[in-house]
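Start from the sequences and build out the full structure, keeping to the hints where you can.
Per full-length UniProt numbering: the sequence shown = residues 1 to 356.
Keep in mind that the hints were calculated from the coordinates and are not lab data.
All values derive from a computational prediction rather than experimental measurement.
Note that CB positions come from ideal geometry on N, CA and C, so glycine has one too.
Possibly wrong hints are sitting among the right ones.
Unchecked claim - So the derived label-pair ranges between C-beta atoms look like this:
(1) Asp3 <-> Phe75: 17 to 25 Å
(2) Val312 <-> Gly254: 33 to 41 Å
(3) Ala222 <-> Val93: 31 to 39 Å
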Amino acid sequence: MPDVPLRSGPGRWILLATVLGSGVALLDSTVVNVALPALGRDLGADMSGLQWTINAYTLTLAGFILLGGSLGDRFGRRRVFLIGVVWFAAASVLCGLALNIEMLIVSRALQGVGGALLTPGSLAIIQSSFAPDDRPRAVGAWSGLGGVASAIGPFAGGWLVEAAGWRWVFLLNVPLAALVVLVSLRHVPESADPDARGRFDVLGAALAALALAGTTYALTEAPGGNAAPPVIGTAAVLGLAAAAAFVLVERMRGKGRHLPGMGRGGAGAAPQPMLPLGVFASRQFSAVNVVTFLMYGGMGVLFFLFVLNLQVVVGFSPVAAGAALLPVTVLMLLLSARAGALAQRIGPRLPMTAGL
Numbered sequence: 001m002p003d004v005p006l007r008s009g010p011g012r013w014i015l016l017a018t019v020l021g022s023g024v025a026l027l028d029s030t031v032v033n034v035a036l037p038a039l040g041r042d043l044g045a046d047m048s049g050l051q052w053t054i055n056a057y058t059l060t061l062a063g064f065i066l067l068g069g070s071l072g073d074r075f076g077r078r079r080v081f082l083i084g085v086v087w088f089a090a091a092s093v094l095c096g097l098a099l100n101i102e103m104l105i106v107s108r109a110l111q112g113v114g115g116a117l118l119t120p121g122s123l124a125i126i127q128s129s130f131a132p133d134d135r136p137r138a139v140g141a142w143s144g145l146g147g148v149a150s151a152i153g154p155f156a157g158g159w160l161v162e163a164a165g166w167r168w169v170f171l172l173n174v175p176l177a178a179l180v181v182l183v184s185l186r187h188v189p190e191s192a193d194p195d196a197r198g199r200f201d202v203l204g205a206a207l208a209a210l211a212l213a214g215t216t217y218a219l220t221e222a223p224g225g226n227a228a229p230p231v232i233g234t235a236a237v238l239g240l241a242a243a244a245a246f247v248l249v250e251r252m253r254g255k256g257r258h259l260p261g262m263g264r265g266g267a268g269a270a271p272q273p274m275l276p277l278g279v280f281a282s283r284q285f286s287a288v289n290v291v292t293f294l295m296y297g298g299m300g301v302l303f304f305l306f307v308l309n310l311q312v313v314v315g316f317s318p319v320a321a322g323a324a325l326l327p328v329t330v331l332m333l334l335l336s337a338r339a340g341a342l343a344q345r346i347g348p349r350l351p352m353t354a355g356l
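Given below as structure tokens:
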């Protein structure tokens with residue numbers, strides 16, 4: 001069912017499934033922040049344990065997100081998206097039933113794997129399903145409403161912590177995931193990349209995961225000093241070396257060449273690149289990715305440190321700390337779809353520059 005109009009019934013269902021699916025993962029990245037003091041008291045966790053409750057999710061999400069996108073292109077975007085949603089829901093149950101901080105950290109790492117499978121698939125489904133004229137507006141709604149999910153997280157988390165306890169911050173994901181699965185099975189078309197054929201780029205997947213996980217670990221651990229400097233340095237070196245090797249491997253894959261000493265195997269075709277580096281030849285594509293990185297980096301700092309500071313330092317209740325971000329939530333909800341339509345009319349440069 002390609003080229004679906006956004007304003008049609010099927011188009012609205014597709015947008016609902018993709019926004020709600022990615023929104024669950026984005027919501028969870030911020031809703032947990034406001035619950036940290038409560039779960040820390042309940043599980044007897046110190047600040048290092050609380051930090052790793054966040055870091056474990058970030059590490060696996062960053063490490064496997066390229067793999068998730070590649071698997072969707074190859075085996076079906078809806079299929080991998082739904083696997084990610086179910087995986088995320090199962091990991092959320094484990095988080096809600098955690099008996100100690102160690103079990104919670106492991107469960108959060110599993111949540112990140114689910115998020116890495118579903119997040120790129122949701123955007124790829126939008127790109128492959130909607131008519132070309134409607135794609136900018138659909139992507140704008142997906143991005144904006146996803147931001148709303150992140151922004152509403154602290155308020156929703158604060159209310160849940162006070163009304164039902166911190167465990168429901170995680171268990172809430174289960175009914176939302178069930179709704180995503182139901183809507184996706186009934187209304188979201190399957191799609192795949194016809195060019196994603198041949199052997200899978202196992203080496204590229206491993207290097208990408210090591211590069212992203214290694215650098216993310218080093219960046220998160222270096223400021224706090226919780227890990228030994230040699231461990232942080234080793235993680236940084238491994239991450240950067242893996243990133244450099246990933247670029248070289250993907251460049252050779254893109255040219256259809258085999259790596260030295262690895263043989264030709266089968267019919268002699270080299271594996272398809274996990275990330276075709278030619279896309280970065282587009283200045284607009286590269287600029288959009290830089291702006292997106294800066295925007296979500298700033299939002300992540302705001303939602304984590306600001307809400308935590310309001311509770312620990314200022315003495316706000318969880319609900320009051322979450323409510324402090326409601327103006328951001330309201331503005332994003334009101335302007336997200338309109339910003340996508342504006343970018344379609346005048347181009348993305350001015351709205352992106354003004355927003356950043």
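So, going through the hints one by one against the coordinates:
1. Asp3 <-> Phe75: 17 to 25 Å: holds, 23 Å
2. Val312 <-> Gly254: 33 to 41 Å: At 49 Å between Cβs, range violated.
3. Ala222 <-> Val93: 31 to 39 Å: holds, 33 Å
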